[in-house]
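K.L.:
Going line by line, the protein sequences match chains A and B. Residue 5 is where the first sequence starts when you use our numbering, and the numbers rise one by one after that. Residue 81 is where the second sequence starts when you use our numbering, and the numbers rise one by one after that.
Each hint should be verified, as a subset may be incorrect.
Said to hold, decoys possible - Pairs of lysine-lysine, DSS-like flavour, derived with a Cα cap of 27 Å:
{"id": "1", "chain 1": "A", "residue 1": "Lys127", "chain 2": "A", "residue 2": "Lys109"}
{"id": "2", "chain 1": "B", "residue 1": "Lys113", "chain 2": "A", "residue 2": "Lys192"}
{"id": "3", "chain 1": "B", "residue 1": "Lys139", "chain 2": "A", "residue 2": "Lys26"}
{"id": "4", "chain 1": "A", "residue 1": "Lys109", "chain 2": "B", "residue 2": "Lys113"}
{"id": "5", "chain 1": "A", "residue 1": "Lys63", "chain 2": "A", "residue 2": "Lys120"}
Derived by calculation from the structure, the hints in this document are not laboratory data.
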Amino acid sequence: MDDYLEIGGRKFTNRLFTGTGKYPSDELIPDIINASGSEVITVALRRVDMDSETDNVMKHIPEHIQLLPNTSGARNASEAVRIAKLARAAGCGNWIKIEVISDNKYLLPDGHETVKATEILAKDGFVVLPYINPDFIIAKQLVSAGAAAVMPLGAPIGTNRGLQTREMIQILIDEIPLPIVVDAGIGKPSHACEAMEMGAAACLVNTAIASADNPVVMARAFSNAIKAGRDAYLSGMGVVHQLARASSPLTGFLRDA
Amino acid sequence: MSFYPILKQYESFDMDRFLEGVNDKDVRHVLQKTRLTDLDFLILLSGKAEDYLEEMANKAHQLTVQNFGRVIQFYTPMYLSNFCNNQCAYCGFNTTNTIERKQLTLDEVKREAEAISQTGLKHILVLTGDAPQLATVDYISECCNILRDYFSSIAIEIYALTREEYEILEHAGVDALTIYQETYSEELYQTLHPKGPKKDYRFRLDAPERGLQANFRSVGIGALLGLNRWQQDIFLTALHADYLQTAYTEAEISISLPRMRPHEGCFQPAHTISDKSIVQMMTALRLFLPRAGITVSTRESATFRNNILRLGVTRMSAGSCTSVGGHSQISNQTGQFEISDNRTVEEMTVSLKRLGYQPVFKDWQCIL
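I would like the entire structure built from these sequences, with the hints used as guidance.
P.N.:
Structure representation (structure tokens):
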């Protein structure tokens with residue numbers, strides 16, 4: 005059986021989404037993509053400078069990669085919508101990752117404004133991937149608003165602290181009929197593997213790769229972990245028990261009778 | 081709302097006594113914490129904490145990479161006017177100094193913008209003296225309308241304005257405000273600013289807040305290091321930043337660490353700030369405010385800037401010139417202060433890359 009991820013009418017075999025921020029050099033980006041096989045890469049419009057010969061991150065992104073511009077810097081829905089439209093006008097395509105952050109201390113997303121922006125942009129033909137706290141009610145509203153996937157955070161962005169919101173993400177995976185892409189907080193390949201074992205559709209990893217001493221090797225490690233987690237999920241894992249289990253301690257008498 | 085009541089709470093606080101009482105155990109305890117209180121931060125400014133600079137530097141480096149990556153955002157100052165009504169004892173633009181005064185015409189603003197934009201820079205910091213009768217808000221607004229064609233982000237470092245005046249500039253495309261309190265000591269402030277509109281301590285103190293109310297997305301504050309005991313000014317600068325970040329959660333707050341340089345006039349700083357002190361304050365700031373931007377200007381030498389790069393810096397000026405029209409050589413007057421890092425933007429780019437850092441030219445897109 006072919007296993008692929010489908011978003012916005014496009015199919016992907018690799019389930020690691022990568023980023024472009026925090027690298028010591030944008031020249032590392034092609035190596036990251038090669039090492040990981042990542043097919044989707046996010047880029048902040050605020051950093052894109054199409055006019056620049058020397059400082060244009062877009063120059064380093066291979067053409068076959070699905071570009072996922074993001075609205076980093078947007079403080080409300082209206083700013084996110086404007087940034088998304090600027091991204092499309094600049095030739096970045098019609099995919100958009102909505103980041104509406106009105107809290108610069110913890111960088112937590114504003115769910116209410118994110119829903120508003122999603123509704124406007126989805127109606128305008130964008131393939132919208134909103135970044136949210138793993139809030140089930142907000143996620144349901146995003147489904148109605150026309151989101152193409154939902155991107156819940158595992159922990160506050162950039163913290164590398166893993167799936168602190170595990171239970172809430174599991175609810176989204178179980179209940180939301182859209183791909184759940186775990187974004188933010190994933191610090192180690194084992195965290196990403198765990199998200200995939202839980203049934204996440206993909207993971208977006210930036211800080212953990214960019215801040216590694218060897219980002220290229222770390223990108224490969226994440227890709228492998230995500231494949232392993234996905235395989236484990238598809239394989240139908242055994243149920244995990246808290247205690248060693250004797251066989252039928254309570255109903256064994258039925259066999260003895 | 082205002083930071084002033086918080087500031088007043090510390091008026092009777094015996095900081096010297098507190099700092100002298102800090103012991104090794106106190107410092108070690110703070111270094112194990114992930115969230116610092118105000119007094120934890122002050123412990124890191126103590127003489128005792130000097131013994132832990134390497135550990136502080138390591139933590140500061142890790143936090144900076146985690147929060148900002150190995151990137152430094154470039155900007156350059158552009159002086160529109162050096163006319164000034166103030167008599168700030170420490171400033172080259174002091175109205176009593178006999179220097180050539182100049183205000184750029186709109187055509188000259190365009191020439192400056194062209195000269196700067198050829199270096200690839202996209203973030204501009206617009207500066208004026210304090211002469212609202214000449215460098216009016218409307219004039220600055222018109223300048224910004226021109227600059228928008230060349231730069232993706234416009235910051236201002238001008239005299240303190242009312243909220244309504246800041247709103248005019250926000251509508252003209254300004255997205256960031258830099259305004260230094262110079263010193264948080266109200267008493268010393270009055271001595272250093274004997275005449276002119278800047279004399280109003282409280283009006284200046286609340287200016288960053290008015291800017292945020294006017295919807296600027298980013299505000300930078302700071303104290304001019306050398307005027308006062310640095311521990312006091314850095315402590316209160318950090319508290320001010322923390323107050324602003326808490327009250328205006330959506331804002332990007334940054335702190336500058338301008339150390340006094342020689343300038344026209346004969347004012348000499350009362351306190352000499354050592355390199356070691358800069359390292360201590362920068363690393364302590366990073367530990368206290370992991371998300372705050374930290375700016376280091378060309379007041380510092382190239383060597384020193386290269387050395388402190390890893391300790392928390394997020395923004396650097398590049399290709400700087402502190403005189404009016406200096407980028408396009410419209411005139412050659414005395415600058416506001418002497419710069420110590422004369423590298424061109426290109427040279428700084430090469431230097432940063434060699435150190436494993438990425439210079440970022442564009443990190444905001446005007447969305448008017």
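K.L.:
Going straight from one Cα to the other, do Lys113/B and Lys192/A come out at no more than 27 Å?
P.N.:
holds (22 Å)
K.L.:
Given the hint that Lys127/A pairs with Lys109/A, test it: the Cα-Cα distance must not exceed 27 Å.
P.N.:
violated (32 Å)
K.L.:
Run the distance test for Lys109/A versus Lys113/B: straight-line Cα separation, threshold 27 Å.
P.N.:
Roughly 17 Å separates the two Cα atoms, so the pair holds.
K.L.:
Are Lys139/B and Lys26/A close enough, with their CA atoms no more than 27 Å apart?
P.N.:
Holds, at about 18 Å.
K.L.:
Taking only the CA atoms, is the gap from Lys63/A to Lys120/A under or equal to 27 Å?
P.N.:
violated (32 Å)
Against the hints set out earlier in the document, violations occur for numbers 1, 5.
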